[in-house]
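Novice: Letter by letter, the chains look like this.
Number of protein chains: 2
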Amino acid sequence: MMTQSYTAACVGAGVIGGGWVARFLWNGIDVRVHDPDPESERRCREVLANAERALERLHGHRPEQPGSVTFCADLESAVAGADVIQESAPEQVALKRRILADIDRHAPADALIGSSTSGLLPSELQADMQHPERFFVAHPFNPVYLLPLVELCGGAKTDDTAIERAAGIYRDLGMRPLWVRREIDGFIADRLLEALWREALWLVHDGVATVEEVDDAVRFGAGLRWALMGTFQTYRIAGGEQGMRHFMAQFGPALAWPWTKLMDVPELTDEFVDRIAEQSDDQARGRSIRELERERDDGLIAILQALRQENLAAGNVLGEYEASRVPSVTATGGHDLDASEPLRLIEDRVQMAEIDYNQHMTESRYTEHFGRAATELFHVLGVDQAYIDAGGSFYTVESHTRFLREIGLGETYHVTTQVLGSDAKRMHAFHRMYNTATGDLLATSEQMYLHVDTGAGRAAPATADVQARMEQVKRAHAAIEAPEAAGRPIMSLG
Amino acid sequence: MMTQSYTAACVGAGVIGGGWVARFLWNGIDVRVHDPDPESERRCREVLANAERALERLHGHRPEQPGSVTFCADLESAVAGADVIQESAPEQVALKRRILADIDRHAPADALIGSSTSGLLPSELQADMQHPERFFVAHPFNPVYLLPLVELCGGAKTDDTAIERAAGIYRDLGMRPLWVRREIDGFIADRLLEALWREALWLVHDGVATVEEVDDAVRFGAGLRWALMGTFQTYRIAGGEQGMRHFMAQFGPALAWPWTKLMDVPELTDEFVDRIAEQSDDQARGRSIRELERERDDGLIAILQALRQENLAAGNVLGEYEASRVPSVTATGGHDLDASEPLRLIEDRVQMAEIDYNQHMTESRYTEHFGRAATELFHVLGVDQAYIDAGGSFYTVESHTRFLREIGLGETYHVTTQVLGSDAKRMHAFHRMYNTATGDLLATSEQMYLHVDTGAGRAAPATADVQARMEQVKRAHAAIEAPEAAGRPIMSLG
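Those sequence lines, one after another, are chains A and B.
Taking numbering that gives the first Met the number 0, the leading residue of the first sequence gets 0, the next gets one more, and so forth.
Taking numbering that gives the first Met the number 0, the leading residue of the second sequence gets 0, the next gets one more, and so forth.
In short, the hints are calculated from the structure, not lab data.
Careful: at least some of the hints might be erroneous.
Okay, the calculated bits of chain A under chain B, using three or more residues with CB under 8 Å as the criterion [as the list claims (entries may be wrong)]:
no., stretch
1, 213–226
2, 394–407
Below, a sample of chain A positions facing chain B; criterion: calculated Cβ distance under 7 Å [unchecked claim]:
no., residue
3, Ile187
4, Val207
5, Met243
6, Ser279
7, Glu362
8, Gly486
Backbone N, C-alpha and C define an ideal beta-carbon position, used for all residues, glycine too.
Using the sequences provided together with the hints, build the complete structure.
Specialist: Following this line, the structure appears as structure tokens:
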């Protein structure tokens with residue numbers, strides 16, 4: 000886990016600014032916030048409350064040391080001494096230029112300054128700065144605390160090293176920087192969003208569809224593919240065995256068909272805006288904006304976690320981020336063994352993906368965590384990757400598991416392991432899983448392992464070194480009381 | 000579960016046609032297929048193999064009674080006697096008109112005829128038909144066997160009742176019909192896809208981004224929201240407490256900014272197509288089209304299952320579909336049990352995702368399949384969705400598993416289940432997993448279950464009906480020899 004020891008400042012604390020504050024805090028960064036609106040602190044704290052709920056669900060735990068947030072009455076006191084500054088003011092070029100010049104004046108000369116603009120050109124925004132070389136666009140997506148994408152784009156006076164430093168910082172925050180190499184209005188993502196949005200407006204404008212029908216046409220079909228692969232990779236697959244070239248040949252001509260009125264924009268008359276607003280009210284079915292936000296967050300969390308399990312798309316970003324923040328599951332690996340009590344090999348927290356509809360950890364996860372404890376035990380005894388590559392391994396040949404108590408989302412548990420017996424080829428162990436907070440015994444698993452020569456595919460003695468370590472742990476553990484459940488059959492019924 | 004007793008015909012059996020065949024088969028419908036391409040049967044069977052793998056993963060089981068597929072040499076024999084006909088020929092209006100007229104001539108006069116066209120007008124397509132009133136567009140999305148959306152659109156001569164009947168049929172196939180009320184080129188979804196695709200092509204054409212950067216700009220950001228909510232609901236939330244009207248006021252003006260070249264289409268010169276094809280090759284990183292398809296399917300399955308857990312968007316469609324089909328999961332459910340030998344509840348084949356680096360099924364999958372056998376057992380005894388919704392369920396409290404032999408990728412296995420004991424609240428069972436081809440015993444699992452009142456969170460007697468069925472199976476199984484491994488502890492070592 001990397002140590003982050005900088006201070007961040009957020010100028011502008013609406014939905015986007017508040018989302019940035021949440022990203023920093025969750026990663027242990029102290030944040031100083033300035034927004035001239037007297038309501039901003041209240042609003043920002045509401046965003047933070049939603050973000051906290053969402054991030055705890057996403058990661059299955061709270062951060063050990065969240066950062067602290069300080070609301071500052073003036074811009075100067077927010078940015079003075081900050082190392083990373085994020086501007087999220089309204090999307091008006093003159094206003095942003097003025098604010099960015101202010102930030103530039105009061106911040107340390109080497110502080111990084113990113114703007115959340117979704118489409119304004121960095122060359123224009125940095126025009127009034129004394130130190131424009133450390134300025135860049137860092138365009139995030141709402142909700143900033145969940146969606147990983149951040150588009151980075153430098154202006155004419157931006158130094159590439161500033162963007163490189165920024166990319167590292169955003170990556171450490173769990174984001175996925177995308178360096179937009181050519182400075183254009185709207186960058187990459189908003190060009191695409193805007194195209195879809197224009198066509199969507201025309202469909203409603205012309206009475207072809209309601210806002211809900213447009214949304215349904217996206218979320219029940221292509222939207223699912225977009226979340227996974229975007230558009231080109233999807234079409235590559237549609238091209239079949241001959242791939243992209245075939246797809247272009249087959250569907251290219253349709254591009255020229257008169258399907259669209261995209262270059263024009265429907266006039267936003269009062270009547271048209273009213274129609275959209277009314278249809279949108281229908282679609283919301285009475286849910287408040289906060290309810291919709293939570294529904295959105297829950298859906299995004301579910302998608303992100305599902306993709307993490309498959310290690311695909313945004314789930315890959317999430318997986319790498321989480322891996323970078325868990326130093327190592329096992330405390331004992333590589334150290335001298337203290338076998339005066341059962342080995343404590345697994346400590347963890349129940350994750351979102353592990354729970355059933357009753358919000359408790361599902362049975363198969365108990366089995367999986369006992370399996371992890373067994374793997375850690377083998378590791379402690381010297382069965383590392385080199386050992387496995389050389390053809391030695393332990394297989395589980397028998398297990399007797401008792402499921403005693405439930406454990407809920409976010410609760411901590413640990414597994415202890417006691418070695419009951421061993422010989423040259425076999426080992427007998429007893430694992431106990433506890434609720435760490437309450438001390439309750441959740442489950443036990445008695446297991447028998449066979450040492451195998453994986454090349455030959457048959458049982459074989461472990462190496463002398465592994466045998467010696469098994470013996471050492473077995474002797475030490477013999478002094479501990481044997482588990483009363485060991486060596487017993489499953490009770491029988493009439 | 001509704002009883003579906005119609006016959007389907009698919010004319011055109013490429014990627015889209017094959018996807019339709021899979022949808023029908025999985026739902027127990029017999030399908031007759033015609034495609035003039037001599038390679039079509041081979042290709043269609045490949046699509047079906049992928050679809051079978053995907054649907055089994057999505058739903059967690061195979062269909063009890065899949066439909067049968069018959070490849071027909073001529074169109075007439077495919078559509079004569081069919082009740083529902085799906086045309087998926089290449090996207091050429093003259094060709095489709097001719098094929099549809101042929102279908103119309105040979106099919107029963109009241110058969111429903113849907114076209115998979117993604118943008119051609121139904122009024123044009125039905126022009127040469129004798130019975131155009133039963134014709135409509137039914138535009139699905141690739142992969143048809145996973146994505147729920149199907150756009151329905153009638154032409155000038157279409158009878159609304161035909162669309163209503165079709166909507167019911169597609170809904171029963173697990174799809175989400177969207178009735179496009181105004182006939183326009185591209186309907187709703189392809190208008191939106193096309194807008195995004197045009198802008199994406201320009202970004203690559205102008206050297207702003209590579210195809211991979213465009214895809215990344217979608218899948219790490221807005222694509223995740225599109226999968227969940229589409230575009231209008233997303234923007235409603237972005238509008239904050241004041242909702243859609245505020246969003247329109249705030250971001251409306253940006254629409255008129257010169258961000259786009261959408262009305263023009265980049266010319267598909269050889270050089271430009273080459274560039275896209277090469278960048279697409281880079282992005283694929285050597286993965287074949289089949290590998291990409293499986294990756295896409297796994298990702299979509301993960302997203303769909305995640306959304307089902309949250310009961311949101313496409314997950315809601317999936318949840319309702321599965322709920323409507325639950326009673327059919329078990330072959331024996333609702334029938335008289337034949338308990339003269341151990342119940343054979345699970346038959347399956349080792350999947351790619353289940354194997355370890357040695358190409359053998361991993362331990363945790365044995366446990367999972369024994370868990371599936373237990374679930375099937377409960378089902379056979381009458382524990383169906385209604386029973387669970389009413390608050391009754393069995394929990395596994397203890398299991399003793401022996402891992403005896405390995406099984407490799409693609410090999411078939413089955414699990415038999417013998418009930419050893421039961422009382423009002425408990426049941427004791429012994430599962431055996433066999434290699435179906437060799438007859439080798441692979442593993443056994445002795446398990447104890449406790450019946451619980453999930454509302455109260457404590458053990459409670461099963462209903463009288465479930466108790467009676469447990470008793471019936473237990474008595475019959477008492478006549479079978481008891482497994483020698485039952486009731487024994489794990490052997491101990493010195």
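Novice: What are the numbers of the hints that this structure violates, sorted from low to high?
Specialist: none
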